[in-house]
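Visitor: Residue numbers (our numbering), protein chains in the order written: chain A, 1 to 97; chain B, 1 to 432.
Simulated from the structure, these hints should not be mistaken for laboratory data.
Note that the Cβ used here is the ideal one computed from N, Cα and C, for glycine as well.
Any given hint could turn out to be false.
Claimed, not checked - From chain A, some residues computed to sit far from chain B (all C-beta separations above 12 Å):
#1 Gln12
#2 Glu30
#3 Val34
#4 Gln39
#5 Gly54
#6 Val58
#7 Val59
#8 Asp63
#9 Gly89
#10 Gly97
What the hints assert, rightly or not - Using C-beta positions, here's what the derived DEER-type ranges look like:
#11 A:Arg14 - B:Asp232: 15 to 21 Å
#12 A:Val4 - B:Asp64: 38 to 44 Å
#13 A:Val4 - B:Gly397: 42 to 48 Å
#14 A:Val17 - B:Asn132: 46 to 52 Å
#15 A:Phe11 - B:Arg62: 47 to 53 Å
#16 B:Gly27 - A:Val34: 57 to 63 Å
Here are the chains, one letter per residue:
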Amino acid sequence: MIPVKIEEKLFQNRYRVDAGRPHINIINQETCRVECKTQECTVCCPAGCYTAEGNGQVVLITDGCLECGTCRIICSTYRNVDWEYPRGGYGILFKFG
Amino acid sequence: MDEKFDAIVIGAGPSGNAAAYTLAKSGLKVLQIERGEYPGSKNVQGAILYSKALEEIIPDFREDAPLERHLIEQQMWVLDDESYIGTTYRSAEFNQEPYNRYTIIRAQFDKWFSKRVQEAGALLVCETTVTNLLMDGNRVIGVQTDRENGAIYADVVVLADGVNSLLAKKAGFHAELEPKDVALAVKEIHFLPEETIQSRFNIGEGEGVVIEMAGKITQGMMGTGFLYTNKDSLTIGVGCMLSDFKQQKITPYELLEKMKAHPAIKPLLAGGEMKEYTAHLIPEGGYKAMPKLYGEGWMIVGDAGMFVNAVHREGSNLAMTTGRYAAEAVIDLKEKKLPMTAANLARYQGRLEDSFVMKDMKKYKNMPEIFHKNNHFFTTYPELLNRAAHTMLTVDGVDKKSKEREIRKSFKQRRSLFGLMGDAFKMWRAFE
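Excised from the complex, chain A in its bound form (with noise of 0.2 Å):
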């Protein structure tokens, strides 16, 4: 697999950071750390905002978020996110689109 960096791509992107006022949160980090042994959600995320820690912990930071639904879905066995819209005027402004 060719290695990607992600933090290039979002960097070329275009954002209003609602700084700490994340729009998704992770409901119980236990559900994630203790019962979820898939945790798709920090393989799947198309903006890399959930990693996966070698304690089984999933940490999220939704600065780079595109708002594009994957983690909530994705997370069909637990519904474990909490996900809403970031505020109006918040969040990823795209210039095209």
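Please build the complex by placing chain B on the supplied structure of chain A, with the hints as guidance.
Guide: For chain B alone, kept in the frame of chain A given last:
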């Protein structure tokens, strides 16, 4: 805002703009709410515009709409790791006005469409997210926004809030989407000089090419890739079912990067400057996954209603058409002074059923399931076809009859005779 509107339209994409435009044009008092900085800033599409659906709404759209290139050539590629076998259809007829299809850049196109909506008389409020529908019992009476004193009321609310359809889900109108009902697409836009694009794709000024791709590039997942020519940029992307991403644990941007490195694709992109990377879900669940489309004081249009024809790559045209039909249902009721009850709004569904929208949705109702259960259409066959072409086209002293035997044997070995017959039947079922 204490005033009450005839209709509130949530979202300023193709479906919302079509609805708001049609409603405002008829003289109704319309509020349109968009969460982006400007219409288009949250929207993603390939993007191909099919003229017909827009013509029905704004007949003179060609005069000032930001259109990139009109399409004169369509290519279909079936790819193996190192090769592709494909078809090309190119016609001078596509060079005669009025043109049938254009490439567009959505951030620009949606902004233009929205300007027309506002000129028609609708009030647009941007940078405002609708957080909930306001209910009186089971009747929608307005929306709650994230603005201060953010409750706004209307006789009817048109939900044009896109594929995630959060508002209808929160209101209990439909369940959460399943991974098998959506495709995840990622794409990039690469800028190149206009003349480079024209010489590289053998086209003149204003002329464009579409390349649709299937096969190994999706790494066994159900999906397709695409490459579109814009005026001075190329759009390259790939979309596959989210259930396949989930099951096979594939990272979307790695998939795209590998596709871009394919020996047949890489030279087409050479020298381009990547200026944006986007991701978006496409509601590809088809007819069987469609939610209820109307109720007491509400209607769902566009992506939120699963209006996508995955086989024919149609979506924004269905969005515009459904937006227009929803608006026409409201206009009809207003003229007759009838309330926006579910029983009365059923005429929206009636319009859909009588049109190509539902006829096409129903025609392909079995398609998603058949392809979900038969991934070899996206793996084995592309490989077999490419190997067959390679065998026939390599001049190596082996006689042609032996080559044909070898090809037949390879198909039978990989799929068995019954498998081949079964696949033919499944294809027929998917498209009947």
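Visitor: Are all C-beta atoms of chain B more than 12 Å from that of glycine 54 of chain A?
Guide: holds, 18 Å
Visitor: When you look at the beta carbon of aspartate 63 of chain A, is every beta carbon of chain B farther off than 12 Å?
Guide: holds, 15 Å
Visitor: Can the suggested window of 15 to 21 Å be confirmed for the beta-carbon pair arginine 14 of chain A and aspartate 232 of chain B?
Guide: holds, 19 Å
Visitor: Is the nearest CB of chain B more than 12 Å from the CB of glycine 97 of chain A?
Guide: violated, 4 Å
Visitor: Per the stated criterion, does the least C-beta distance between glycine 89 of chain A and chain B lie above 12 Å, as a non-interface residue requires?
Guide: violated, 3 Å
Visitor: Range hint 42 to 48 Å: satisfied by the CB atoms of valine 4 of chain A and glycine 397 of chain B?
Guide: Given range 42 to 48 Å: holds, Cβ gap about 44 Å.
Visitor: Please settle this one: valine 58 of chain A was flagged as non-interface, so is its CB more than 12 Å from every CB on chain B?
Guide: holds, 14 Å
Visitor: CB of valine 4 of chain A to CB of aspartate 64 of chain B, is that within 38 to 44 Å?
Guide: Distance hint for valine 4 of chain A, aspartate 64 of chain B holds at roughly 39 Å.
Visitor: Is glutamate 30 of chain A truly not at the interface, in the sense that its beta carbon sits beyond 12 Å from all beta carbons of chain B?
Guide: holds, 22 Å
Visitor: For the hint 46 to 52 Å, verify it against the beta carbon of valine 17 of chain A and that of asparagine 132 of chain B.
Guide: violated, 24 Å
Visitor: Are all beta-carbon distances from valine 59 of chain A to chain B longer than 12 Å?
Guide: Non-interface label on valine 59 of chain A holds, nearest chain B Cβ at 17 Å vs cutoff 12 Å.
Visitor: The output says valine 34 of chain A does not contact chain B. Does that hold with a beta carbon cutoff of 12 Å?
Guide: holds, 20 Å
In terms of the numbered hints stated before, the structure departs from hints 1, 4, 9, 10, 14, 15, listed from lowest to highest.
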